[in-house]
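Q: Residues per chain, in single letters:
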Amino acid sequence: MTRSPVTNPYLLVLPGFLLAAFIILWPLYQLGTISLSEVNRFGQLRGFAGLDNYIAVFTDPDFLGALWRTLVWTVGIVFGSLIISVPVALILNEDFYGRSLARVIVMLPWAVSLTMTAIVWRWALNGESGMLNSGLQAIGIIDTNIQWLARASTAFPVQILIGVLVTIPFTTTIFLGGLSSISDDLYEAARLEGASRWQAFRQITLPLIRPFLNISIVLNMIYVFNSFPIIWATTQGGPANSTDILVTYLYKLGFRFGKLGEASALSVMMFALLLIFTITYVALAMRSERQ
Amino acid sequence: MEKHWFRGAAAAAALLSATALTHAQTLRVTVAEYSSKTGPYFEEVAAAFEEAHPDADVQIEVVPWDVLLQKLTTDISGNANADLSIIGTRWLIDFVDQGIAAPLDEYMTDDFKERFFPVFLEPSVMEGQTYGLPMAASARAMYYNKTLFEEAGIEEVPGTWDELAEAAEKISALGDDIAGFGLQGTEIETDVYFYYAFWAFGGELVEEDGTSGLDTEAGYDAAALYKSLIDSGATQPGVTSYNREDVQNLFKQGKVGMMITAPFLSNQIADEAPDLDYGVAAIPAGPEGDRGTYGVTDSIIMFENSENKDLAWEFLDLLFTTEWRQKFTAGEGFLPVNPEVAEMPEFADNPDLKEFTALLPDARFAPVIPGWEEIASITSDAVQTIYLGNAEPQEALDGAAQEINGILGE
Amino acid sequence: MSAKLKRTIVAWALLSPLIVLIVFPFAVMFITAIKPAQEVLRPTWWPSEVAWRNFIDMWPATNFGPALWNSIYVAVLSTVLALIASVPAAYALNRYRFSGRGLFRQFLLVSQMLSPMVLVIGLFRLVVWLGLLDNVNSVVFVYGAFAVAFTVLMLQSYFATIPRDLEEAAWVEGASAWKALVIVFLPLAIPAITVTAIFSFINAWNEFVIALTMLRRQESYTLPIQIFSLVAGRYTVEWHHVMAATFVATIPVAIVFAWLQRYLVRGLAIGAVK
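Protein chains in written order, with my numbering: chain R, 1 to 291; chain Z, 1 to 410; chain D, 1 to 274.
This is chain R alone, in the form it adopts within the complex (with noise of 0.2 Å):
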């Protein structure tokens, strides 16, 4: 066979490596060095400060209360939307009249940018114009409108189901796509076996899916640790930066107060404990699909 640029691999990786290593590894690189510099205000470096800022992000006390609520965060959305996803998932799976449509209308919210469900949710939150406290009241729920937003224990959970209303359609596709590859003969057979619905779940569902479960759940985890919008557009972190989650907080470190060099160490921090949390996961994920 004649030497081609198509037989040769590194030549292959190279325009889609240059592009990503780009994009990633020059401001991977800057965002070290402004971390471990005496910064101003507007970026400019004004010197070596050694650990100087990572140890100002660790000893301010709103760190520590934006690193729980990220954990409380990540975890909530991700398996709330997990635990909603999976029986989802099943009924869609399932042969019925208007399956199509109950599909499109689950994975609505996909089609909207996340900045804009933020925006409308923050709309319908409203204490006063808000629809959300008037469809209540119509329906008898409530008799008088909550302000949702006013204070962290309404506003947090309120976020995080923001956070999982728009998570399923992802997670739901992932698990159809895995539904959908499991052939029905093994049903079959575990029903000539007398097998109940619940035991065929168990034993053939849950044990095909679990590599779809598991993929949604990193995926999930990554971009829920990083989303900013939702907060963002419905509280700012308030009130009290009682809704702060690291990503937030790290958006005011930044950009408001003007504390890059912290901010900068803060984003190194972020992309550190992301990378232990996803191996971590990773490997416990391998080990028990090994077993």
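In case anyone wonders, no lab produced these hints; they're calculated from the structure. Do not take every clue at face value.
[As the list claims (entries may be wrong)] With a straight-line Cα cutoff of 20 Å, these simulated EDC-like cross-link-like pairs (lysine to aspartate or glutamate) come out: (1) Z:Lys-113 <-> Z:Asp-310; (2) Z:Lys-255 <-> D:Asp-57; (3) Z:Lys-309 <-> Z:Glu-151; (4) Z:Lys-255 <-> Z:Glu-151; (5) D:Lys-6 <-> R:Asp-95; (6) Z:Lys-37 <-> D:Glu-167; (7) D:Lys-4 <-> R:Asp-52.
Chain R is fixed; fit chains Z and D onto it per the hints.
A: Relative to the frame of chain R, chains Z and D by itself:
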């Protein structure tokens, strides 16, 4: 291969930026978007300017207020800022400290200076140099709903905070969805809404010894007053979910008896709720007769690294002619910063604006301190905590003052 | 009652709570969009009259046309860019063993973990260095590059389902590697490429943080930024226009979804897991 590619890209980039430099007549202006009228207004100015300077190309960059500081930060850090930009005057010190804003004195003739009210020019003077020109100015006053006042049997507009509390409770008693006093509790200027009472009780944001004034009797009293208004139902419920715009919306709907805000609310009422019967009055005074309104100016600055300073100046010169100022001030609903504009009948005979202008002698501007945004945010957090009832006023304000002192001491 | 009818009733009944929650924001969007300006702040569900003209007024008031065009331009071109770079890379990953292959895959996986928010300062400097600031093409470039990781990973697992035999048969018949690729492989890969393209398109269509940082003039705004600018820090927000714009911006993607829903399910299943 890789190296080669990078060098190629670098060369291309260098070429691109070089061509950008040779276009010496491009003038970039970053403007903050106050309303839907801002963008079209500046495009019009740009067109007029280009007509007078056929070789100039003015690029207007309209930026939403919420992200203006972020954009300026990234721009400057990337050395890609415009030639001129509108900024909040409270940020100016950071720009001056870092040598980013250019002094304008060498361009300013006496004639030019006379176009402004000195009180508005002052905040942009630092170390004897003028670094910005006041683009927009506003002060705050109290709007009240005359219909609600009548229904509640209130005959006089409250002149003190005690009277305000009394009136607010009466108005709140009118109905479930009616509130006496609209209290802003979230997002931009939450701290300012607290300062109105704080100043009236004789508070100072920064004491003479250079420490925060929040942990004083004035702070505790003001916070206790607001908290008691919330607890007695004299404010709208759930104040910590209401930003400025939300409270204004309540007022426009006639659901709030009194609120403190800027003159642009009058323009909105004229457009959206023309039937609302309202009045404008001074912000109530404290027990000792102290009172204070918040004065805000936004300035337009020239960047030190601008390649076209002379052209930029000519643009400013045009921008601050009476004709263009009149158009801007009327369109956005700000206070006139130029005497000639202020004398025009549409401003001079406007009863709402008169109230605002009368308050100007009491106006306080945000103190000139680096890191002001962070201090404002700490204060907002503290008052939100108090409004929510999660901490006693003294405890929350002492904590905030301590944090602020840390910043002030830097 | 037939079994299918029974299933239908049960399925819709079980889905209904979720559907209510999903449809709710769309209802809010639509109803606010058709309210006359004076009624927007009243939380009634039905307007006294339907103000269709909001949709007409919204168009110039929100600068909708240019923003729509920019969004389409950015989403299409960045998708094309990502595909041009990732189809060969995915092909190589799947068809050849070479040293560094595992490393390259890991690099792609890790690069998925970086949020644009985390990188935005560095990215901004990069774009300035390239002289592409305030150029819609800078966003095309960044989106395209960001999409590469996801598209390569997805495509290569999809390519694994395309049997090798066909290309090998073509080689035996004397076709060059290039010819075998174009004539035999690519036509088979088209469904995979389509699905991948849709994902890349949607991500670009919805992206917010990068566009917010890189685009500074209204002429270059994409839809999410344009709509955000209508509510961010303005002294007054025209909610009926905002909602009308949001609603109209949603329709194109919703139609694409309805149309390609079947392919999405299958494509994501194969692409995501292998």
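Q: Now look at each hint and say whether the structure bears it out.
A: Comparing the hints with the structure gives:
With a CA separation close to 17 Å, the supplied pair Lys-113 of chain Z and Asp-310 of chain Z stays within the 20 Å bound. Taken as a hint, the Lys-255 of chain Z and Asp-57 of chain D pair is broken in the structure, with Cα atoms around 28 Å apart against an allowance of 20 Å. A threshold of 20 Å between alpha carbons decides the hint, and for Lys-309 of chain Z with Glu-151 of chain Z the separation of about 59 Å lies outside it, so the pair is violated. A distance of roughly 13 Å separates the Cα atoms of Lys-255 of chain Z and Glu-151 of chain Z; the hinted pair therefore holds under the 20 Å criterion.
Distance hint between Lys-6 of chain D and Asp-95 of chain R is fulfilled; the C-alpha atoms sit about 11 Å from each other, no more than 20 Å. A C-alpha spacing of about 62 Å is found between Lys-37 of chain Z and Glu-167 of chain D, which places the hinted pair above 20 Å, so the restraint is violated. Restraint check for Lys-4 of chain D and Asp-52 of chain R: the C-alpha separation of about 66 Å exceeds 20 Å, so the hint is violated.
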